[in-house]
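Number of protein chains: 2
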Amino acid sequence: MNPLPSVPHLSPSPESLVPDENEMSRTHLIEVKDLSRHAEATVTVAGWVETVRIHGRVAFVVIRDGTGLLQCVVVKKEVDEATWEAATGVTQESTVELTGSVKPDDRAPGGNELLVSTLSVVGPAEEYPIQPKEHGVEFLMDHRHLWLRSSAQRAGLRVRSEVMQAVHDFYYDRGFTRIDTPILTGAIGESAGTLFSTDYFGDTAYLAQTGQLYVEAACPAFRKVYCFGPTFRAEKSKTRRHLTEFWMVEPEVAFADSDANMRLQEEFVSYLVERALERCAPELETLERDTSVLERIRPPFPRVSYTEAVERLQAKGSGIEWGRDLGGADETLLAEEHHLPLFVYNYPKEAKAFYMKENPDDPRTVLCNDLLAPEGYGEIIGGSQREDDLDRLLHRIREEDLPEEAYNWYLDLRRYGTFVHSGFGLGIERTVAWITGRPHVREMIPFPRLMNRLTP
Amino acid sequence: MNPLPSVPHLSPSPESLVPDENEMSRTHLIEVKDLSRHAEATVTVAGWVETVRIHGRVAFVVIRDGTGLLQCVVVKKEVDEATWEAATGVTQESTVELTGSVKPDDRAPGGNELLVSTLSVVGPAEEYPIQPKEHGVEFLMDHRHLWLRSSAQRAGLRVRSEVMQAVHDFYYDRGFTRIDTPILTGAIGESAGTLFSTDYFGDTAYLAQTGQLYVEAACPAFRKVYCFGPTFRAEKSKTRRHLTEFWMVEPEVAFADSDANMRLQEEFVSYLVERALERCAPELETLERDTSVLERIRPPFPRVSYTEAVERLQAKGSGIEWGRDLGGADETLLAEEHHLPLFVYNYPKEAKAFYMKENPDDPRTVLCNDLLAPEGYGEIIGGSQREDDLDRLLHRIREEDLPEEAYNWYLDLRRYGTFVHSGFGLGIERTVAWITGRPHVREMIPFPRLMNRLTP
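Residue numbers (my numbering), protein chains in the order written: chain A, 2 to 457; chain B, 2 to 457.
Chain A with its partners taken away, still in its complex shape (with noise of 0.2 angstroms):
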């Protein structure tokens, strides 16, 4: 039988937002970040060897925390047998706990380093199979679990995590309710041909693209929502702009149309950015990112109508014709004018969805945008003023010959008390792409999952 663990006296300060360090680590582990506050004491420290470069009878021991870097210096004769020799023997990526003094050092990445009295290893590494040298992006992948902990794809994850909590802060401080929509739903989607599909029970779910029939649905409740989660696409796609499963957001007002909704996604897009500019800079830097580009992201976001958009691909030697979707090399040639992201409104009715709303002004189009990152990064948002009258919503779900039992509920939105709405989707990780400046979507996300890769 076990004994009763002792309860320990936390303080209940509920009121303090943020804890005394350590709180929830082994209470004798200080944290990297945490050193400066340290200066001269003697602490102990736990992490993973990066590096270990032995100069006669000093060896210099570089650990990563989690929490940043830290050179350890190990002089012989000031250390134990036993700590010297696992200090020159210890192999990459190993776990160490070690104890020593706080030495300030402004050549230190941290500002400090670490004179060390012991060091002992906690968790032996066999040898590491990712080296400095070039691995193939497979190997790398085949290795994603243990490829997270190289700089670069710390880096990269680090502003996709800051970029996640800021898209919360936005809607959040805005009044927005968040409305988690459902993953598993019956026969509705974008496109059947690209929808996973589970048996539910003797019945057929498939995996959601998008959430945004839902959000419509919590308008009349809640006046501006948002979704925020994990969704699907089938696509036999291997560009670099495509995985299998990406994580968007989704705002929809009530009472906005589709001007309001374009002010909305150049404040938002403009806030991402400049979240990331001011608390990930020390990442950016690690990226090599050239952030003169993203200091100039402010709104308004220049704007072009897709007929215009057509006018000047066509004089730029592109052959698309009124009435085609753009494709990606379209996209980077419009973006390539500008330095802000762009947006290309009011496109062709048969080359968007259904629920996009007629344009009063031309019927042939509807009432929408998508807008195009800088630096050929192509499409980060779509977003549309939605259908709001029940007749002609019904004529283009018949039109498209969409399920219409299956869009009964939709269409009650029309029913009690129909409304002007608009909303968007952007992108997480083709957002955080252009943001850290990173050729493919697939390192923008811890565990990317493409046509070809499920594991690990």
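Calculated from the structure, these hints are not laboratory results. Fair warning: this is a prediction, and the values are worked out from it, not measured in the lab. Just so you know, not all the hints are guaranteed correct.
Below, a sample of chain B positions facing chain A; criterion: calculated Cβ distance under 7 angstroms [said to hold, decoys possible]:
#, residue
1, Ala-47
2, Trp-49
3, Glu-51
4, Thr-68
5, Thr-96
6, Gly-124
7, His-169
8, Tyr-173
9, Leu-185
10, Gly-203
11, Phe-247
12, Tyr-408
13, Leu-412
14, Arg-416
15, Phe-448
All C-beta atoms in this analysis are idealised placements derived from N, C-alpha and C, irrespective of residue type, glycine included.
Could you slot chain B onto chain A? The hints should help.
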């Protein structure tokens, strides 16, 4: 061809986090929550009709605009005939737009009334199917897209939205990195019998029941991490505690042992309760929640070992025997002695998952805990210290007859710098059900998925 819309000249002030009101709505509409700033002024509002009462030559139209309720007073002799007819003929849930002057009135919900000058019906509603009479649960669930508009549903989902933001804020403020783990996974999971599966380009993918193994892999990169997303259980359960799709937050901390893990849990749960109390007082009042029981929720929480829990249960007449997991009835029996959540720790190995660390003081048990909410709400957290010994983990995988090859990458975490680490999963819907005092988790998620429910 469409003319280029004028680009609004918003002041580019990215440092201001909260925008001017109406930035993302049609600019002439004021939100009900902001009316106190417009006392005695003439404003236009829009919303959905909750009730209409006519007393002779005065009509009282209560609208809901998603930010609050507003009583709008229409006096026949002060409005034109169109407005009077619209006000007296409008149906429940019709969308209306009203202009009038704001009259502060302490008795009114929100502190103001609107003295109407014009009212127009912009979206008339057919006869609304949800009436104040008692509807059956299946009827309400079939109309979930409309049921969301009801006051109790709005209140519950507002608390959910606040708690979800509180989850992110808690970990963000503590330096955790958010790691989004994949939904589509290869052959891993707690129990193959309760997995949803889908064809994945000729392969089979399973919908994740947990992100734990992935957040463990991220620890050596970021030290403190968490994931927060939907998880899936194809369980044939019809209890009020089960959903087939629910949201779970799973923190994982390097160098944290089981004791530190429980301390993090009690801080976290207390924080969520505190945020709801602080920022959702009107919603908790709507739900008639006894908040005095929530105000007592502060660390430390009581702890009882599994072994002692079995003795207590047996003394109370339960048929439980040492070695079996606790059932829902056992959990309720144990928790009813406490007004705080109760930790039950160190369960028998065979009752828990393979990845939990063997208890060195009693190898029949593992270093883990459940957290039982008070008031009969049962388990809201399951957590453990993870097995960090390669050989012991491999032994457990073979003992449970799990596919060793599929876990090879997970075993790598023990080959390349193993480390003490712990984590847990908290189910959002159960937690919000407890905080709001609602009996069933199905109301705690916007569009619940149950064994017999995949729509709307």
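Now the hints, each set against the structure:
1. Taking 7 angstroms as the C-beta contact cut-off toward chain A, the hint placing B:Ala-47 at the interface holds, the least distance being around 5 angstroms.
2. A distance limit of 7 angstroms between C-beta atoms decides the matter here; for B:Trp-49 the minimum to chain A is near 5 angstroms, and the interface restraint holds.
3. Checking B:Glu-51 against chain A: minimum C-beta separation of about 11 angstroms lies over 7 angstroms; hint violated.
4. Residue-level restraint check for B:Thr-68 holds (minimum Cβ-Cβ distance to chain A is 6 angstroms; threshold 7 angstroms).
5. With its C-beta approaching chain A no nearer than about 4 angstroms, B:Thr-96 sits inside the 7 angstroms limit, and its interface hint holds.
6. A cut of 7 angstroms between beta carbons decides the hint on B:Gly-124: the least distance to chain A is about 4 angstroms, and the hint holds.
7. A least Cβ separation of about 5 angstroms between B:His-169 and chain A falls short of the 7 angstroms threshold, and the interface hint therefore holds.
8. For B:Tyr-173, the shortest C-beta to C-beta distance to chain A is roughly 5 angstroms, which falls under 7 angstroms, so the interface hint holds.
9. Interface restraint check for B:Leu-185: the shortest CB-CB distance to chain A comes to about 5 angstroms, inside 7 angstroms, so the restraint holds.
10. With its C-beta approaching chain A no nearer than about 10 angstroms, B:Gly-203 sits outside the 7 angstroms limit, and its interface hint is violated.
11. Annotation: interface hint on B:Phe-247 violated; nearest CB of chain A at approximately 10 angstroms, more than 7 angstroms.
12. Because the beta carbon of B:Tyr-408 sits about 10 angstroms from the nearest beta carbon in chain A, more than 7 angstroms, this interface hint is broken.
13. Here the hint on B:Leu-412 is broken, as its CB sits about 10 angstroms from the closest CB of chain A, past 7 angstroms.
14. The criterion of a C-beta within 7 angstroms of any C-beta in chain A is met by B:Arg-416, whose closest approach is roughly 5 angstroms, and the hint holds.
15. For B:Phe-448, the shortest C-beta to C-beta distance to chain A is roughly 5 angstroms, which falls under 7 angstroms, so the interface hint holds.
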